[in-house]
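Residue numbers (the working numbering): 65 to 233.
Keep in mind that the hints were calculated from the coordinates and are not lab data.
Yeah, the Cβ is synthetic: ideal placement off N, Cα and C, and Gly gets one too.
Hints should not be assumed to be uniformly reliable.
When the alpha-carbon atoms are kept at most 20 angstroms apart in a straight line, the in silico SDA-like pairs for lysine to any residue are as follows [what the hints assert, rightly or not]:
(1) Lys-92 <-> Ile-113
(2) Lys-66 <-> Met-130
(3) Lys-66 <-> Val-104
(4) Lys-123 <-> Leu-103
(5) Lys-133 <-> Glu-90
(6) Lys-66 <-> Ile-113
(7) Lys-200 <-> Ser-132
(8) Lys-134 <-> Leu-103
If you anchor each label on the Cβ, the simulated ranges turn out as follows [as the list claims (entries may be wrong)]:
(9) Asn-102 <-> Gln-182: 20 to 26 angstroms
(10) Asp-87 <-> Ser-175: 19 to 25 angstroms
(11) Thr-189 <-> Phe-119: 51 to 57 angstroms
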Amino acid sequence: EKTINVLNRIKTEIAFEFTIVGDGLERKRLEQLAIDSNLVDKVNFTGSISRNETFGLMKNSDIFIMLSKKETLGLVYLEAMAAGCIVIGTRGQGIDGIVIDGENGFLTSSSDEEEIYQTIRYVMTLSGKEQKRIRKNAKDTVNSFSDRAVSKKYYSNICAVMQGNAVDE
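Hey, can you work out the whole structure from these sequences and the hints?
Shown next, in the form of structure tokens:
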């Protein structure tokens with residue numbers, strides 16, 4: 065709801081399309097909000113689609129926005145980062161341990177509409193060079209969570225502990 069309200073403010077400043085994926089209890093209300101905000105030509109509702117279709121949408125998108133009060137760590141953020149999206153997530157909901165504001169994505173409030181507006185508008189007006197930097201940092205972040213990278217770090221930690229125990233004996 066807050067994102068649609070913000071996009072209603074931005075619609076005269078910046079061209080955009082906004083896609084909402086999924087079916088849920090709020091869909092009908094959000095569709096009506098899009099109609100009431102005169103955003104029918106800018107806001108698309110896909111309904112429930114496959115994971116592959118969702119990832120395809122991400123790959124063809126510039127920005128991924130998920131403002132939530134209940135996410136502890138949405139893997140969808142990492143999927144969006146891997147797809148090359150600039151991510152906007154909710155501060156204080158678990159993803160802020162991975163998304164570093166202004167470095168590999170952006171964090172905002174889930175309830176402060178003015179802060180959400182400022183964040184979305186800022187991201188939508190980033191220079192191409194800045195977008196490229198953030199996308200690269202995001203992909204580097206995702207790569208650091210690969211099976212190989214995590215296993216290597218785990219192995220290094222075990223070796224360090226083992227060496228520490230040997231020294232203590």
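Verification of the supplied hints:
At roughly 17 angstroms between alpha-carbon atoms, Lys-92 and Ile-113 fall within 20 angstroms of each other, so this suggested pair holds. Between the alpha carbons of Lys-66 and Met-130 the distance comes to roughly 11 angstroms, so the proposed pair stays at or under 20 angstroms and holds. For the suggested pair Lys-66 and Val-104, the alpha carbons sit about 16 angstroms apart, so the restraint of at most 20 angstroms is met. Of the supplied pair hints, the one linking Lys-123 and Leu-103 is violated, its CA atoms being roughly 23 angstroms apart against a limit of 20 angstroms.
Proximity of Lys-133 to Glu-90 is assessed by CA-CA distance (about 15 angstroms); at most 20 angstroms being required, the pair is judged to hold. With a C-alpha separation of about 23 angstroms, the suggested pair Lys-66 and Ile-113 falls outside the 20 angstroms cut-off, and the hint is violated. For the hint linking Lys-200 to Ser-132, the alpha-carbon distance of about 25 angstroms lies beyond 20 angstroms, and the restraint is violated. With a C-alpha separation of about 27 angstroms, the suggested pairing of Lys-134 with Leu-103 is violated against the 20 angstroms cut-off.
Between Asn-102 and Gln-182 the C-beta distance comes to about 22 angstroms, which sits within the given range of 20 to 26 angstroms. Hint check: Asp-87 to Ser-175, Cβ distance near 24 angstroms, so the stated range 19 to 25 angstroms holds. Separated by about 26 angstroms at the C-beta atoms, Thr-189 and Phe-119 break the suggested range of 51 to 57 angstroms.
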